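Peer 1: Mind assembling these two chains? They're in different frames, but the hints should get you there.
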Amino acid sequence: MRIEVLPIVLGALPASVWAVDYVSASEAEALMFPQADEFATVNLRLDNAQLQEVGKRAGLPARSAQWGVRVARRASSPLGYVVVDNVIGKFELITYAVAVGTDGAIRQIEILSYRESHGGEVRLPAWRKQFVGKTVAGPLRVGDDIANISGATLSCTHVTDGVRRIVAVLQVAHEAGALP
Amino acid sequence: MRAHVARRAQPWLGTIVSIDVRVGNDGRHAERAFARAFAALERVHNAMSLQCVGSDVARFNAAGRGERVVCDRWTVNVLRLAQRLQRASDGLFDVALGTACGAAFDIVDDRSVRKLGGRIDLGGIAKGYAVDRAVLVLRASGVDQGLVNAGGDLRAFGAGAWPIEVRSGRGHLRAQMALERGAVATSQYCNGRSPHRDDTLIAPATGAAHAIDNTITVAAPRCVLADALTKVVALSSNPHHPLLRELGGQAWLQ
Numbered sequence: 001m002r003i004e005v006l007p008i009v010l011g012a013l014p015a016s017v018w019a020v021d022y023v024s025a026s027e028a029e030a031l032m033f034p035q036a037d038e039f040a041t042v043n044l045r046l047d048n049a050q051l052q053e054v055g056k057r058a059g060l061p062a063r064s065a066q067w068g069v070r071v072a073r074r075a076s077s078p079l080g081y082v083v084v085d086n087v088i089g090k091f092e093l094i095t096y097a098v099a100v101g102t103d104g105a106i107r108q109i110e111i112l113s114y115r116e117s118h119g120g121e122v123r124l125p126a127w128r129k130q131f132v133g134k135t136v137a138g139p140l141r142v143g144d145d146i147a148n149i150s151g152a153t154l155s156c157t158h159v160t161d162g163v164r165r166i167v168a169v170l171q172v173a174h175e176a177g178a179l180p
Numbered sequence: 181m182r183a184h185v186a187r188r189a190q191p192w193l194g195t196i197v198s199i200d201v202r203v204g205n206d207g208r209h210a211e212r213a214f215a216r217a218f219a220a221l222e223r224v225h226n227a228m229s230l231q232c233v234g235s236d237v238a239r240f241n242a243a244g245r246g247e248r249v250v251c252d253r254w255t256v257n258v259l260r261l262a263q264r265l266q267r268a269s270d271g272l273f274d275v276a277l278g279t280a281c282g283a284a285f286d287i288v289d290d291r292s293v294r295k296l297g298g299r300i301d302l303g304g305i306a307k308g309y310a311v312d313r314a315v316l317v318l319r320a321s322g323v324d325q326g327l328v329n330a331g332g333d334l335r336a337f338g339a340g341a342w343p344i345e346v347r348s349g350r351g352h353l354r355a356q357m358a359l360e361r362g363a364v365a366t367s368q369y370c371n372g373r374s375p376h377r378d379d380t381l382i383a384p385a386t387g388a389a390h391a392i393d394n395t396i397t398v399a400a401p402r403c404v405l406a407d408a409l410t411k412v413v414a415l416s417s418n419p420h421h422p423l424l425r426e427l428g429g430q431a432w433l434q
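Protein sequence lines correspond, in order, to chains A and B. Per the working numbering, the first sequence starts with residue 1, numbered consecutively. Per the working numbering, the second sequence starts with residue 181, numbered consecutively.
Bound conformation, chain B alone (with noise of 0.2 Å):
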């Protein structure tokens, strides 16, 4: 059975996300596998997002201090492991915007946090997470080897390396890597260099604005963890930060 190269694309959570996958003679297979695996996209889009009318999130950032907030599972899932990692970086990785020192939330079960104060925005891990159930989902549909990109938040899985290169805020080619069974991730932060209001970086436990002029590339086992830790390299300039060799990832800064 001759083998090729099967891929779609489609925009989702505020990016274009692409899904190769290395499949054999039966499209439909593949077909199905796809279908699937959008639809987990769309799933995490619609309870994530921050813009989306109705998410999970944008239901617990309206509603009223105390108040309890049904979500989606996945919801649940990701905002119990942004719990860990906020407490494992020392705060510097945090979903919550505006509370200073404060948790945003706490979960209730498996259905429902309840909100004591503040907003969250997901935007640093939605993605990775999202990346990852799509990659469960084409596993479960018996693909075997394949690539899901969101925008640059990617992960391989099965056996074979991909060519990953970084690039840097002006486009220029930073590194060169070749990635299998695992995820990338990257973030830059340039100083001063353009008034974009997302050149910097808030600090969530201080509030404090600060300016990275590098690219920050972290590789790590499931997508999910890549993409939270670029936060935690970022802020803490650090490279090697424990929670990298915890984790199991690995970061460069370009």
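So here's chain A without its partners, still in its complex pose (with noise of 0.2 Å):
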């Protein structure tokens, strides 16, 4: 183990934000059902009755009445579906896509993309520079809570949440016949 404690650079930059960009849509899809041999788009348009079912199977808000799915089939028969979303994490919209089969059990979840805003300080960059991880486009961040309750942590739940709102439009269409 190596462990080398570096000088804190301060700068008046303004805040910036950073994204790590994980997997594009077009690749998740891929990673989700490695034997579909064929995606195609469902545009879903919910009505009312239809959202407040999503709503009550969800426990949270529709918030949204179009949904745009991914079906994945192979030799036509449908394998299931994807569905890239957006929540706000800490601050910042994280990208992800979920899998869910015609079973409508998940399946797969992955983060397409992550953007976190700076503080206003900002480190410049040359120590940057010796790292393996220098592609990253922010260094890696440890500690950085609110009243205990990370970045990440919040994250994850709010991307939970989302899940979970999906796989009941997957659901609430489906059986309204507007899938495969």
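Since the hints were derived computationally from the structure, they do not count as laboratory data. All of these numbers come straight from a predicted model, not from anything done at the bench. Incorrect hints may appear among the rest.
Unchecked claim - Examples of chain A residues toward chain B, derived with CB under 8 Å: (1) M1; (2) V5; (3) L6; (4) E110; (5) I111; (6) Y114; (7) A152; (8) C156; (9) V159; (10) T160.
Stated by the list, open to error - If the Cβ cut is set under 8 Å, some of the chain B residues that face chain A in the computed set are: (11) A189; (12) Q190; (13) T195; (14) G331; (15) A355; (16) Q356; (17) M357; (18) L359; (19) E360; (20) P401.
No residue lacks a Cβ here, since even glycine has one placed at the ideal position from N, Cα and C.
Peer 2: Next up, the structure:
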């Protein structure tokens, strides 16, 4: 183990946002349904009764009536669905994809992109060049809590809520015959 | 062969777990490694999460006194380590809740424990253990350089340093570190700034609430140790606690 504490560089630069991109939406769907030979988009438009039903099943407001669903198929028969969604993490947007089987079971959740804001102080970055992870948009942050809820913990809760909403949307749409 | 950093992130153990690996051109090789590492995280999540229905921890907490609880081998590993850390820290580190002075469990064998009383919460150790498991799996899958970060409990492996920033409760930069082949975990406890319940750390042995106004950063060879040692440092308020040296750790109060 080697650990070195470095001097903090403080500057007066304005707060900024950085993003870590993990996978693209199309890479994610291929990862989550590797056996699929076709993906097609179905645009759902839920009516008021369906929105209420989603809210009831998910235990949270349905938020949107329109959802783009990617249907994964193999030899024309449906394997499941992929939905890409955004939620607010601590302050910034997180983009994630959820894969759900035709049985309604969650198969996989992948974070596509994670954005965070910097504080006002910015480290200048000569020292970062020595690192393996220098292609990471921002350094790895630890201990960044507000009342002990770290950005990552809060983000996870919001992603979990978002997933629950999507599962309810897919169920309701499936029952209405809007999805194969 | 050109190497690059490939990365994935998934939500597990109540946080976002990201994995960065340095890989060659064979993307399929990295995909297999990622899949196996996330499967290890899922296994820890399913066995040790307090909220996860049917987890070993949930079944232990629901079991009656004297009952034998069959567990994942990994849960028994963690409980065994927890027992050792509890003794070595004179009770500062303890996964038992509500047992006052007694132990919550006895280890029966590699697959089961006997409940003596109370409840357990592996929140102070399971994330670190999960990170270590993911690192083992990545190495066994042929990845020789990478980093696993479970919402701030992280471990780097292989050659090359990684940049770490320690942030305060208000998001201010407290320290910058360069980490190579090792783990880092932090804890912080704000002193009366917020009504949030978790702002105080309860000393397991006495039930006394400690309000600590510091960011505690611990580096250790394994993430499970860094994770557990943050509690020892927080409760003893001692960044030179002898257990750190014994386990190859180092702590900073910022």
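Peer 1: Against this structure, judge whether each hint is valid.
Peer 2: Tested hints:
Interface restraint check for M1 of chain A: the shortest CB-CB distance to chain B comes to about 3 Å, inside 8 Å, so the restraint holds. The interface hint given for V5 of chain A holds, since its Cβ lies 5 Å from the closest Cβ of chain B, which is under the 8 Å cut-off. Proximity of L6 of chain A to chain B holds as hinted, the smallest CB-CB distance being about 4 Å (cut-off 8 Å). Against a cut-off of 8 Å between C-beta atoms, the interface hint on E110 of chain A holds, since the closest Cβ of chain B lies about 6 Å away.
This hint holds: I111 of chain A has a C-beta 4 Å from the nearest C-beta of chain B, less than the 8 Å allowed. Proximity of Y114 of chain A to chain B holds as hinted, the smallest CB-CB distance being about 6 Å (cut-off 8 Å). Against a cut-off of 8 Å between C-beta atoms, the interface hint on A152 of chain A holds, since the closest Cβ of chain B lies about 3 Å away. Annotation: interface hint on C156 of chain A holds; nearest CB of chain B at approximately 5 Å, less than 8 Å.
The interface hint given for V159 of chain A holds, since its Cβ lies 5 Å from the closest Cβ of chain B, which is under the 8 Å cut-off. A hinted interface residue such as T160 of chain A counts as satisfied when its beta carbon comes closer than 8 Å to some beta carbon of chain B; here the least separation is about 6 Å, so the hint holds. Satisfaction of the interface hint for A189 of chain B is found here, the shortest Cβ-Cβ separation to chain A being roughly 4 Å, below the 8 Å cut-off. Residue-level restraint check for Q190 of chain B holds (minimum Cβ-Cβ distance to chain A is 6 Å; threshold 8 Å).
Interface restraint check: T195 of chain B against chain A, minimum CB-CB distance 5 Å, threshold 8 Å, status holds. A least Cβ separation of about 3 Å between G331 of chain B and chain A falls short of the 8 Å threshold, and the interface hint therefore holds. Checking A355 of chain B against chain A by beta carbon gives a least distance of about 6 Å; that is within 8 Å, so the hint holds. Look at Q356 of chain B: its Cβ gets to within about 4 Å of chain A, closer than 8 Å, so that hint holds up.
With its C-beta approaching chain A no nearer than about 5 Å, M357 of chain B sits inside the 8 Å limit, and its interface hint holds. The interface hint given for L359 of chain B holds, since its Cβ lies 5 Å from the closest Cβ of chain A, which is under the 8 Å cut-off. Below 8 Å, beta-carbon pairs count as interface contacts, and E360 of chain B has one with chain A at about 4 Å; its hint therefore holds. For the restraint placing P401 of chain B at the interface with chain A, the shortest Cβ-Cβ distance is roughly 5 Å, inside the 8 Å limit, so the hint holds.
Checked against the numbered hints listed earlier, the structure breaks none of them; every hint is satisfied.
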